[in-house]
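**Q** So the chains spell out like this:
Protein chains: 4
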Amino acid sequence: MISFESDYIAGAHPRILERLAETNMEAVSGYGMDSYCTRAKEKICAACDCKDAQVEFLVGGTQTNALIIASLLRAYEGVIAAETGHVSTHEAGAIEAGGHKVLTVPQKEGKIEPASLKAYLETFYADENHEHMVFPGMVYVSHPTEYGTLYTKKELRELADICHTYEIPLYLDGARLGYGLMSTASDMTFADIARICDVFYIGGTKVGALCGEAVVFTKKNMPKHFRTFVKQRGALLAKGRLLGIQFDTLFTDELYLQIASHAIQMAEQLKALLHENGIPFFLESPTNQQFVIFENKQLEQLQKQIGVSFWEAYDENHTVVRLATSWSTTQNDIDELRKALTELA
Amino acid sequence: MISFESDYIAGAHPRILERLAETNMEAVSGYGMDSYCTRAKEKICAACDCKDAQVEFLVGGTQTNALIIASLLRAYEGVIAAETGHVSTHEAGAIEAGGHKVLTVPQKEGKIEPASLKAYLETFYADENHEHMVFPGMVYVSHPTEYGTLYTKKELRELADICHTYEIPLYLDGARLGYGLMSTASDMTFADIARICDVFYIGGTKVGALCGEAVVFTKKNMPKHFRTFVKQRGALLAKGRLLGIQFDTLFTDELYLQIASHAIQMAEQLKALLHENGIPFFLESPTNQQFVIFENKQLEQLQKQIGVSFWEAYDENHTVVRLATSWSTTQNDIDELRKALTELA
Amino acid sequence: MISFESDYIAGAHPRILERLAETNMEAVSGYGMDSYCTRAKEKICAACDCKDAQVEFLVGGTQTNALIIASLLRAYEGVIAAETGHVSTHEAGAIEAGGHKVLTVPQKEGKIEPASLKAYLETFYADENHEHMVFPGMVYVSHPTEYGTLYTKKELRELADICHTYEIPLYLDGARLGYGLMSTASDMTFADIARICDVFYIGGTKVGALCGEAVVFTKKNMPKHFRTFVKQRGALLAKGRLLGIQFDTLFTDELYLQIASHAIQMAEQLKALLHENGIPFFLESPTNQQFVIFENKQLEQLQKQIGVSFWEAYDENHTVVRLATSWSTTQNDIDELRKALTELA
Amino acid sequence: MISFESDYIAGAHPRILERLAETNMEAVSGYGMDSYCTRAKEKICAACDCKDAQVEFLVGGTQTNALIIASLLRAYEGVIAAETGHVSTHEAGAIEAGGHKVLTVPQKEGKIEPASLKAYLETFYADENHEHMVFPGMVYVSHPTEYGTLYTKKELRELADICHTYEIPLYLDGARLGYGLMSTASDMTFADIARICDVFYIGGTKVGALCGEAVVFTKKNMPKHFRTFVKQRGALLAKGRLLGIQFDTLFTDELYLQIASHAIQMAEQLKALLHENGIPFFLESPTNQQFVIFENKQLEQLQKQIGVSFWEAYDENHTVVRLATSWSTTQNDIDELRKALTELA
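Chains as they are written, first to last, in our numbering: chain A, 172 to 516; chain B, 172 to 516; chain C, 172 to 516; chain D, 172 to 516.
For the record, the hints were derived by calculation from the structure and aren't laboratory data.
It is possible that part of the hints are untrue.
Stated by the list, open to error - Calculated pairs, BS3-like style, for lysine-lysine (alpha carbon to alpha carbon, straight line, at most 27 Å): (1) 395/A - 279/D; (2) 390/D - 395/A; (3) 279/D - 279/B; (4) 395/A - 324/A.
Keep in mind that this is a model prediction, so the values were computed, not measured.
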């Protein structure tokens, strides 16, 4: 079935499968001590124009958020996130399971506004009682956000400046970073992200890999014995090559950006198509996820042909759904959606 | 280079890579709700002759141990393990990071003797002070053990009987279960393991998969909302298909047992070869791992041609090393080792 | 100095100190296995008209909240609380340190409205994605609340009914329970609280004890081996008598309610006094805490003579402060405050 | 009944009760911000001849061990302790509940021998696999030990030297420190302990207080925002005065050492008495706890008159029991024991 349900409906980019096959019988060291991991790390450092970057590979997004946050916070600290941040809502309490509170600030289209962050921190330190409260110990932003929206370079810098005033790190969740960087609305590169943030991750799972996220510490700030911490949290793969080969492939000849760019082109067509058919937007994003409102009966009909993702009820008769493109979306997918939408009326 | 370093030096069994490629562009649901996971679970239930078994897929061994143990223990309980058990020694404190103590009992060739377990439990409950101690809440055994040794069906049943007397579950870590089942010394099948143990896992990573372990709860005892717990601990793959397809493949036409059997045949040749060359055994096991003692200079020479794994210093001039075969070991590997050993003298 | 800063500014009710002195040289068993603890528990069961109640003594409020919540929740669950609940804001992340999220709902004068609770639970289970979210596992209310307000019996019953529909326990934090029960606005007794709630605690620290809170499980629902859990969390006193003697004293001849009643009488005088002097109320409560707004210069002058507690900034020129009475407030304290207020103008 | 069961059978030293009564109605700040806490801290600094010592008061021993260890260790570290250490055996897994493994080394009469510690650390770092193991992050010793034995200054220095070589702190659990310092076998003072150890605590509960332990960080190494951490772990008393007044009293006119000295004199009489009556020692200690072996029938008879503490079964017909003196032991207690022992034969 044609599906726009998410950006993780297909397997891996074919080039990745080829490389896995080509290298399959080579005997290499375990636990990420292989040459593919090494090479992938070097390529990521180069792409980020940050030769001192410290890179580690993890398996999935929730795991990555949980480990980075737990490894950087002290016991008495929590992480500031938008109230719609993935760590606040859809990670089943992974941050709290690690012992830390998620301190929420208001969001606007999924983003934290610098003024909100500043207000939170000022209010916290103004409270005479703050010794009995959770100290804000880092800031979490997702880019693109859960709503597909993007920070501008100026906004991200302002957030970073506030963080540095309070001496807390800025962490960027880049589960869909490729789609963010290749958006026509983007004014940032890997190098900008690396310069501005203290730590971020480059999402593989949603941008062409079978699994895998590349964590990048940009200020020589990787916690001591981080690999042992990763092992302790059950996140160190025996066959680390699985991650190394994937990221090595994605960062060869800019495959990562190239496939993200394809997804963005598909998303532009998708948006045009939705507009043409008069489907009202709940949120039109500059990246690969679009949120639109369907009349319930129409939605029921559509779903017989096209996979889309329930987001939330809009009112009694309408539903917000998400349609996502990805590296695997084809022109045929778009054409089939066109047909299905035409038939709706 | 030829390597007997471990059973995770190569990628995946070629049939797995083929299946990943064949299914790659199919759009399927995320988080393990795809048909490959469903089918793999059904096949595992069938192989275990346990139609009510509850199966979930996880990514790696330490993660699996940590999650099963934390999900089954209450706060005031710990897990009993051999002092050489993987959870006791080489998981960087993963069990303790989950809040629980590993309660160690003596080992014999890596195994817990039923009498040791019984003595531990009797002593615990005899202690008037035990309300201030960690309650033994489950028993962990590995099969094969970290030393490649095996429990007999009788021994495993005795351990299970003791567990049931004290109303605590018996958990079997089957990271290398295939190699155990296909050993000529084995008197157990999947069905025996499933009947005797309350929960166990079938190791994929070390038996032909890129990654992945299949957890089997055999007594309808999977903790409520286990998937949410898995998500919370960062262990739920967005592309659950990666695990489903691998286990579906491994449990089609008994591939899992067939490739394990090959490793055992290679191990038998390996043992013969070591004996022929007069290399003294530190521990000769009935499975795929062998532990031998090399004179240090010889070892240095050998390692130029053949990868082996440092285990521990034996004395000033000798070292214990591990040689492991696996599904990927070839006749050529054995032949090259033969040559290298001959050249040692 | 005269102080209305809090209800824990003085030591213990003199009768408690007398009993500590009278019993001081008796040799008794440790860890709460003494006859004073036993007797105190019996008296609390009687006061609650709940002969099966299971009572344990803990040392302080944050500890009590943390232990009860952690002992009743499963790993994948969180606790619902008002966004102004003590566990949400002023316990330095104690609940999260125990691995659980505090799920906040809107508050009205510090209370959770039954409709808000119902809406939260309905919305949670309506979300198709809730398997990736923190399950609501219990409800926390404080009574009196952090603002000194009270639930009516009808409101508390409605909350309990909703909890039972969803099969989650209702937990009442009674740090200031005595002041709540003796308020003229109260329509509940200990027995009502015990009948309606699944677990609650009777606060000692703020109602005449040096330290100590009495936890009451009312439905034979005390978690198994709770004492071992208490020991594990560092909350089991070697000299458990310290808590037993205090609660035995407080529950002899209704001392607990009697001294709480005195505090309420003092609070009524306090409120009258504030009204007479035209001090605007931020929140006028039916219990022992009152929240008023002072002009900053007046406040500065007042604080030279009378201790009050900063609550929050109201605007540039005004501040919200809390004044609390307690079992230790004297007529002289009130008279001195009268003088000080008169001098303000 | 006469009891030698433990050193926490009685209430508090009468001087403490007097001071609690004298200061009872003073209005003071909460959470340890009162003048009694301040003064007690100053006196402790003076007693330790360490003007930069950072002192905080906690409530009990397990709580203190759990908090100090969790606050000083990093996630990937564990604490080294003797296999008989209190944290290893009788704290219900408090250290593991905080996420850390207790790494046990052999003991001799409850003590860690410097050579054992050195061997442990050398072996750990020699293991090529140690990145997958729990890093030793601090050393825990108790002084007196659980068996009443004492380290010499030389031994403690050697342990400290080894710790400093490996850059890990040495922590001394002084639950019974007074009895250690006043033993005739002791060659150390508070000042020696403070100079040699990185952190230790002065036990109050077992040396005359109702409750309370004074933590002393000696190298300006108190973790940042330690008070918030204490609050988070439920260990911050609202009425901090309860601890401040007790330690202020104990450190006025050397009351702490004076009452400990009394206990030691009683212990010397106790030992003589046991020898006179031919009761064999399991372990004769230089402090206030003695371990002797009774024939079971004699023990049964004795316990009708005198409280003693079961330690462990010796053989089928004999039992090891502990007899402890304390600040509250009287000459009459000794005389009654003499009578009871005489009647045994």
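**Q** Which of the numbered hints above does this structure break?
**A** Hint check: 1, 4 fail, others pass.
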